[in-house]
Amino acid sequence: MKLRLCHLYPELLNLYGDRGNVLILRRRAEWRGIEVEVTPISLGDKLDPKAYDLFFLGGGPDQEQGVASADLVAKGPWLKEAVEAGAALLAICGGYQLLGEYYRTSTGETLPGVGLFAVYTEAGNKRLKGNIAIQVEELGTDRPVIGFENHGGRTFLKGARPLGRVIYGDGNNGTDQTEGARYRNAIGTYLHGPLLSKNPHLADYLLRLALQRRYGEVELPPLDDTLELAVNEAVYRRFLPTKGKW
Amino acid sequence: MSSAAACTVPGPQRVKWGENMLRAFLAIWIGRLVALLFRWLKRGGTSLPGYLALKIDPQLMGRLTSRYEKVIIVTGTNGKTTTTNLLASILRAAGLKVVHNSEGANMPAGVATALLARRGEVAVLEVDEGTLGLVTRQVKADMVIITNLLRDQLDRYHELEQLAAAISRALAAIPAATLVLNADDSLVTSLSQVRENVHYFGLARTPWSQATTSEVLEGHICPRCRRPLQFNFYHYSHLGNYYCPQCSYSRPPADYEARELELSSAGARFDLVYPAGKLALRTPMPGIYNVYNVLAAASAALLLKIDPATIARVVATFLPGQGRAETFSLRDKRLTLMLVKNPTGLSVALKTLTAGRGKATYLLAINDLAADGRDVSWLWDADISPLLQAPYHRIICAGLRAGDMALCLKYQGVKEADLKVIPGQEESVDFLLGEPVDEGLILCTYTNLALYRRILKARGAVSEVTPLPSLSGTP
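Those sequence lines, one after another, are chains V and Y. Take the first sequence: its position 66, counted from the start at 1, is 66 in our numbering, and no numbers get skipped. Take the second sequence: its position 365, counted from the start at 1, is 365 in our numbering, and no numbers get skipped.
Since the hints were made in silico from the structure, they are not lab data. If you're wondering where the values come from, they're calculated on a predicted model, not measured in any experiment. Some clues are possibly wrong.
[Stated by the list, open to error] In silico DMTMM-like cross-links for lysine to aspartate or glutamate, where the CA-CA straight-line distance does not exceed 20 angstroms: (1) V:158 <-> V:176; (2) V:126 <-> Y:435; (3) Y:415 <-> V:225; (4) Y:415 <-> V:30; (5) Y:420 <-> V:233; (6) Y:410 <-> V:225; (7) Y:420 <-> V:225; (8) V:126 <-> V:62; (9) Y:420 <-> V:224; (10) Y:415 <-> Y:435; (11) V:46 <-> V:11; (12) Y:410 <-> V:224; (13) V:126 <-> Y:161; (14) V:2 <-> V:176; (15) Y:415 <-> V:224; (16) Y:420 <-> Y:430; (17) Y:410 <-> V:30; (18) Y:410 <-> V:233; (19) V:75 <-> V:11.
Isolated chain V, as found in the complex (with noise of 0.2 angstroms):
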């Protein structure tokens, strides 16, 4: 079995340890002596949609997302029709931007993003920051999904499906209780950084839905997650709001 992982613009869009996430899949496809083969692809690279598994896009800092967004929406109808076709994908905070309909700056100008996801991003003055938690019910355990997310933009669904809703923290916009959006087999989400790394149960769900297009139902022999579940559950816990609690 061979995972195909194509990281995107990696040189660009690689803002607070989110190219952790790519060690990780890759790590816990092979202790299962799956094959991983990453190919980065970037500025002027031409993107076929039919080789590769799963996307992974970062966040990155403004100038070099402003960079990577106008190829990036060039590159958009390539993306899209690998989703289309069963690929899955991660997005995070900027990236996860950039798939929406559009962003609007504080300016009130409109910059156009790929459409992948039926939502829009409006600039909005304090930055939403701090540790997260989010309740997946895809993932099919009570176990949260946590990180930290620090973003500027605010995330409205325009009928997408959020990934999750939140257990604290702010989520797309701080407002609506829902984090990320789903669109068949991707996940973009504002939880930055080694986000994997504290939620193996997402991770094993990305590495499922990426393989299942040549696979189909894939059963991954479970690991030993000892101590990213004392890490998931420790996090949890320390950062729950104790307000309203006896």
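Given the coordinates of chain V, assemble chain Y onto it according to the supplied hints.
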């Protein structure tokens, strides 16, 4: 951008000593009284005197510095404290009366505390890069040294370009100041604006220069035309020799350039080539980042017309102060304590500490309090390959984010059997002392540093660093 910014920022307010006399006197004496009180209680290292004094007189920094002959500000992401302490030592050795904030207390309250303590002819002030604007609004600095702009506590300062823009606005408030900038950092050189009095320091190609880099990069975008930059070679992180293939932007020629660099675990030596000559320098501080610190301080000292022989003499013996890399002996062990606060800091610390070292146990103590940065995602941006290749006996992960550190190491290839997660700091030290190795290397984030120092001292550790004259000056 910069011209628009210049319009919105008030120029330096030349605060005259006569204005608001009462308020100023009150601020100064209450500040000094509080400082005295803390000294009686033997509790040093606080910025409370400056904090209180600034509450009474918000213009105090401007007032206190207005009578100095020279005010020098050192800012940037890494290397501020070492550069400040070294420059202050050189100026003192040249016979000047120097005031500086030697303990890395670089927020306005810390700067004010140092200025309250004594009067001098020259002030060398380490200023936090994120609050530079608060200082330059009132302190009419004569010289600003910028060491580098690297990825740091992003939950505080957001992306680096925003930080660079804020620094640019802060510099616009002091148009007469001489800028001493790192030529090898495109983000720093983008701050030169349209000024005449800019001097660059930099490092020529070395045997360690690399054509590509595995360290995560910032500053890939041309500050002028916003196209990707190309690199002839990298020194570390995004520091190196860059050029823009689209426009003419490139690394400026360094007026003060380090050449013929030799690095070893015992330090470094290089020739500092400058407009009026050549100066051979030897430093006991290891690591390429310390070459930059020495280069920055020595270049500034040459610009201040300090005798080259004095500079070489101080550089040859100067060692960094508390916690930057401090060695202790405790029972049968030699323990090294070092501050790491961002990915580049961790990358170079590991590279330096592991070089040529035998079997040792490493202790990585990571906290996520406000002063550490709340977001520990940065751990994954560091290049930990030197540690992976080192003959470590074990790696202990401690602090509030011990688990995050352990996971980062696990996925990068450290076997779980070689990892030990002990969040409690006391317990982690006890475990380290029971290890069957002679050497322990403790790397900690900001809020863990003082804590580990205290824990080691309480267990009888003896510091191998002899107190330097540069550190005894400030209370």
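Hints, verified against the model:
1. V:158 <-> V:176: 13 angstroms, holds
2. V:126 <-> Y:435: The hint is violated at about 48 angstroms.
3. Y:415 <-> V:225: 13 angstroms, holds
4. Y:415 <-> V:30: 15 angstroms, holds
5. Y:420 <-> V:233: Distance ~18 angstroms between residue 420 (chain Y) and residue 233 (chain V) Cα, so the pair holds.
6. Y:410 <-> V:225: 11 angstroms, holds
7. Y:420 <-> V:225: With a Cα-Cα distance of about 15 angstroms, the restraint between residue 420 (chain Y) and residue 225 (chain V) holds, given a limit of 20 angstroms.
8. V:126 <-> V:62: 16 angstroms, holds
9. Y:420 <-> V:224: With Cα atoms ~16 angstroms apart, residue 420 (chain Y) and residue 224 (chain V) stay inside 20 angstroms; holds.
10. Y:415 <-> Y:435: Holds, at about 18 angstroms.
11. V:46 <-> V:11: Holds, at about 17 angstroms.
12. Y:410 <-> V:224: 12 angstroms, holds
13. V:126 <-> Y:161: 18 angstroms, holds
14. V:2 <-> V:176: 39 angstroms, violated
15. Y:415 <-> V:224: 12 angstroms, holds
16. Y:420 <-> Y:430: 13 angstroms, holds
17. Y:410 <-> V:30: Holds, at roughly 14 angstroms.
18. Y:410 <-> V:233: 18 angstroms, holds
19. V:75 <-> V:11: 17 angstroms, holds
The structure is inconsistent with the numbered hints 2, 14, although it conforms to all the rest.
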